[in-house]
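These protein sequences, in sequence, are chains A and B. Residue 16 in my numbering is what sits at position 16 of the first sequence, and the numbering runs on without skipping anything. Residue 98 in my numbering is what sits at position 98 of the second sequence, and the numbering runs on without skipping anything.
Don't take every hint at face value.
[To be verified] 30 Å max Cα-Cα, derived DSSO-like pairs, lysine-lysine: (1) A:K70 - B:K83; (2) A:K42 - B:K78; (3) A:K105 - A:K56; (4) A:K93 - B:K57; (5) B:K78 - A:K93; (6) B:K78 - A:K67; (7) B:K42 - A:K42.
Bear in mind the hints are in silico, worked out from the structure with no lab data behind them. Source: prediction; values computed, not measured.
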Amino acid sequence: QKEVEQDPGPLSVPEGAIVSLNCTYSNSAFQYFMWYRQYSRKGPELLMYTYSSGNKEDGRFTAQVDKSSKYISLFIRDSQPSDSATYLCAMIKSGGSNYKLTFGKGTLLTVNP
Amino acid sequence: EPEVTQTPSHQVTQMGQEVILRCVPISNHLYFYWYRQILGQKVEFLVSFYNNEISEKSEIFDDQFSVERPDGSNFTLKIRSTKLEDSAMYFCASSEANQPQHFGDGTRLSIL
Chain A
1 QKEVEQDPGP LSVPEGAIVS LNCTYSNSAF QYFMWYRQYS RKGPELLMYT
51 YSSGNKEDGR FTAQVDKSSK YISLFIRDSQ PSDSATYLCA MIKSGGSNYK
101 LTFGKGTLLT VNP
Chain B
1 EPEVTQTPSH QVTQMGQEVI LRCVPISNHL YFYWYRQILG QKVEFLVSFY
51 NNEISEKSEI FDDQFSVERP DGSNFTLKIR STKLEDSAMY FCASSEANQP
101 QHFGDGTRLS IL
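Next up, chain A with everything else stripped away, as it sits in the complex:
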């Protein structure tokens, strides 16, 4: 079983739709969770960062973590064509002095005008 699983899509939605992106993980040592956005030929750009179960909201973005189910989500409200990108979940295990990220494969999202 892979440590972090993410449906690669692609996902295509009309402008204004609510988008739901998800990752599951197998190792309960993961305690810190991030969502990155990656445009073509660019590096990952941090969108959301959370370390506790529950919801965190930032503008049109909401990150949700359910540690009991080992499941994280990113919701995008009122999606825009500029949101078209690959979305990567990433996580860090607790307990060490190293903060290496373990990534999902990424979900390719297209928002159609």
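Given the coordinates of chain A, work out where chain B should sit on it, guided by the hints.
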């Protein structure tokens, strides 16, 4: 907003040659990383660096790879004798302690 910068954006090298990828992390960050992304695959951790030494490295980071912080601003990844399978995007990242990592836009390495 401060950012991580990487040079060159694209490097083409013959198999067996040495290549050095360069990164300037965000100035007050203390933790530095290299990641690799082969086309169509996930971003993979290569190595982390803190306090002038490697803190962790992956199985990918074999004896052909090395990292260095030659001065107060640069962080480099060297591949001594490149192989075809080293072709990938290489991303540098940096962070403060207990904070998420910020990435550069990567160097696309093409091995011929």
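Here's how the hints hold up against the structure:
no.: 1; hint: A:K70 - B:K83; verdict: violated (38 Å)
no.: 2; hint: A:K42 - B:K78; verdict: holds (21 Å)
no.: 3; hint: A:K105 - A:K56; verdict: holds (23 Å)
no.: 4; hint: A:K93 - B:K57; verdict: holds (15 Å)
no.: 5; hint: B:K78 - A:K93; verdict: holds (27 Å)
no.: 6; hint: B:K78 - A:K67; verdict: violated (38 Å)
no.: 7; hint: B:K42 - A:K42; verdict: holds (14 Å)
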